[in-house]
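Trainee: Note that the protein sequences, when read in sequence, are chains A and B.
Numbered by the numbering used here, the letters in the first sequence go through residues 1369 to 1667 in order.
Numbered by the numbering used here, the letters in the second sequence go through residues 7 to 260 in order.
Hint data in this document are derived by calculation from the structure and do not stem from the laboratory.
Quick caveat: nothing in here was measured; it's all calculated off a predicted structure.
You may find that some hints are simply not true.
To be verified - Simulated crosslink set (BS3-like; lysine-lysine; CA at most 30 Å straight-line):
#: 1; chain 1: B; residue 1: Lys-146; chain 2: A; residue 2: Lys-1645
#: 2; chain 1: B; residue 1: Lys-175; chain 2: B; residue 2: Lys-148
#: 3; chain 1: B; residue 1: Lys-82; chain 2: B; residue 2: Lys-126
#: 4; chain 1: A; residue 1: Lys-1645; chain 2: B; residue 2: Lys-173
#: 5; chain 1: B; residue 1: Lys-126; chain 2: B; residue 2: Lys-146
#: 6; chain 1: B; residue 1: Lys-146; chain 2: B; residue 2: Lys-82
#: 7; chain 1: B; residue 1: Lys-126; chain 2: B; residue 2: Lys-173
#: 8; chain 1: B; residue 1: Lys-146; chain 2: B; residue 2: Lys-173
#: 9; chain 1: A; residue 1: Lys-1645; chain 2: B; residue 2: Lys-129
What the hints assert, rightly or not - Short, incomplete list of chain A residues facing chain B, as computed with Cβ under 7 Å:
#: 10; residue: Gly-1559
#: 11; residue: Leu-1566
#: 12; residue: Arg-1567
#: 13; residue: Arg-1568
#: 14; residue: Gln-1573
#: 15; residue: Glu-1585
Beta carbons: idealized from backbone N, C-alpha and C, even for Gly.
Chain by chain, the residues run as shown.
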Amino acid sequence: MANTQSAASIPPIKYSVAHLHHQPRRHYGRWLAATLIVLALALIINAFAHGQIAWPVVGQFLTAPAILSGLWSTILMTVCAMALGLALGVIFAIMIMSPNPVLKYVAVFYIWFFRGTPLLLQLLLWFNLALIFPTLGIPGLFEMRTVDFMTPFMATLLGLGINQGAYTAEVVRGGILSVDNGQIEAAKVIGMTRLTMLRRIILPQAMRVIIPPVGNEVISMVKLTSVASVIQYAEILRNAQTIYYANNRVMELLIVSAIWYLAVVTILSIGQHLLEKHYSKSLGRRNAKRVAPAAAEGA
Amino acid sequence: MPAMVVAVGLHKYFGNFHALDEVSLEIQHGEVLCIIGPSGSGKSTLLRCINQLERIDSGAVWIDDELVGFRQEGDKLYELNDAEIARQRLSSGMVFQRFNLFAHMTVLENIIEGPVIVQKRAKSAVIPEALALLERVGLKDKQHAYPSELSGGQQQRIAIARALAMKPKLMLFDEPTSALDPELVSEVLAVMRDLANSGMTMIVVTHELGFAREVAHRVVFMDQGRIIETGPPQQVLNNPQEKRTRDFIAAVLA
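Pulled out of the complex, with its shape left as it was, chain A reads as follows (with noise of 0.2 Å):
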């Protein structure tokens, strides 16, 4: 009633816009940019192709067995190494964040250290760790040699993943900092103990906040792998070093690797852009959410 009055005491308004058109903003810049890029790459491509590369070469290694093999195992590696760095990181960001000060000082000492050393020299620990332990073992339980435990996998393993822990440890931190006090609060009062508010409440809000930044890491693990050829583990860029060693073929053998790990990380890419979807699907994406219930009732 109200309404129909206000709208009926509404003066008319005496201009006519019927005949004015809308038209987009012109962007000449961005054909301009596309052209130079586009006679760029051009220019590139031609080099290449004219350079002295046995293109063939690449193809026929592509496959071979020793580069599938080395891929393999860069692959087993970057996903050991990440899940004990995401397993270590969870663990030390808690125990950072406890009221416990021994757990608390604990953790920041771990942090510190292996933040605070360059990766490249952590391997180099653990592969030479029989120089000072040469046997590794709980007294009097069991015993073994430590050469026979600190293969270059088990190293390498140990170095990344430890190393990775560091990092994942402080941005699990900022993932749980960024979880509201009151959805806290709201565990406490139904009766939830601190573990259990972390499995059901915080860690699955954190994880919006904490899966961009790991996704990332996942990504330089995959590459950080190749760091392990030092130490002799027998990941893809160190298989086509020897390759190239014996045939001589340089760039054909590291454009092998290039592909493979651009394949490996492309793959990656778009599962980090489904898991970031999965996990931001209840926090504010009604149009997505809507869609997806009344398509199920549907079928």
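Assemble the complex: chain A is given as a structure, and chain B must be docked to it using the hints.
Mentor: Only chain B this time, still in chain A's reference frame:
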């Protein structure tokens, strides 16, 4: 029958700020108590001390005859551990000013989270109860929605249902309508009125004097960490004895 909540000689400091200053209060079974007062007067702090979101600096609280937050041996009170405090919190349900629904869960998941994960009850038994609660707050059709898709009033009604799903002995409301747009206040008050009529023991921190007048059995006025005046709503709201109460009520109604 002893009182539902007995609070005696509570003190709470935040740094140098004396948030609760010798506060004592009893709430009977089935009583609806409204706490009013200016901001910073300690009313929310009192509520949060009752369910141990804040740790009291001295004094003691009993809920349904159980000492809260401590184990008594002789004259010494030993602080309880995390798990024991979590168990004690089950006796009271709490509704927050900012709703605090779990943002990553749907409405139904929010409601069954406590009964299933904390009380370890079977999902098959909890879901019908949760749906009945949703029906009671008038939001059964929203069971699959996420909190971000709901209005403030709807979220608050879900938050009430979530607290009730734990079958608490008493309900604590911390300014449940203060964050709502004015036109959404009445739907939340209607749910609370219904709850009060069902005999639930309720402590409500509120600025809604109309609600207090209509629903409360007793009104407490707090200022500067102390209880200034307490009595039936007609007395405290219509005929306050203390000047500070009169000034506050005049300011709210102005």
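Trainee: Need the status of pair B:Lys-126, B:Lys-146: alpha-carbon distance at most 30 Å?
Mentor: 24 Å, holds
Trainee: Given A:Gly-1559 as an interface hint, is the shortest Cβ-Cβ distance to chain B below 7 Å?
Mentor: Nearest chain B Cβ about 4 Å off; hint holds.
Trainee: For A:Lys-1645 and B:Lys-129, compute the direct alpha-carbon distance and say whether it is at most 30 Å.
Mentor: At roughly 28 Å apart (the allowed maximum being 30 Å), B:Lys-129 and A:Lys-1645 satisfy the hint.
Trainee: Should the interface hint for A:Gln-1573 be scored as holding, given a Cβ-Cβ cut-off of 7 Å against chain B?
Mentor: Since chain B brings a Cβ to about 5 Å from A:Gln-1573, closer than 7 Å, the hint holds.
Trainee: Checking one constraint from the list: CA of A:Lys-1645 to CA of B:Lys-173, max 30 Å. Satisfied?
Mentor: Not satisfied, since the Cα-Cα distance of roughly 36 Å exceeds 30 Å.
Trainee: Holds or violated: B:Lys-82 and B:Lys-126, Cα atoms, limit 30 Å.
Mentor: With a Cα-Cα distance of about 33 Å, the restraint between B:Lys-82 and B:Lys-126 is violated, given a limit of 30 Å.
Trainee: Is the straight-line distance between the alpha-carbon of B:Lys-126 and that of B:Lys-173 30 Å or less?
Mentor: Holds. B:Lys-126 to B:Lys-173 sits at ~14 Å (cutoff 30 Å).
Trainee: Is the hint on A:Glu-1585 kept, meaning its closest Cβ partner in chain B is under 7 Å away?
Mentor: 23 Å, violated
Trainee: Does the nearest C-beta of chain B fall within a distance shorter than 7 Å of the C-beta of A:Leu-1566?
Mentor: Not OK, violated: A:Leu-1566 not within 7 Å of chain B, min 12 Å.
Trainee: Grab the minimum C-beta distance from A:Arg-1567 to chain B and call the hint holds if it beats 7 Å, violated otherwise.
Mentor: Result: violated, 9 Å to nearest chain B Cβ.
Trainee: Against the 30 Å threshold, does the CA-CA distance of B:Lys-146 and B:Lys-173 hold or violate the hint?
Mentor: 19 Å, holds
Trainee: Straight-line Cα separation of B:Lys-175 and B:Lys-148 no greater than 30 Å?
Mentor: 27 Å, holds
In summary, the structure is inconsistent with hints 3, 4, 6, 11, 12 and 15 from the numbered list given earlier, while agreeing with the others.
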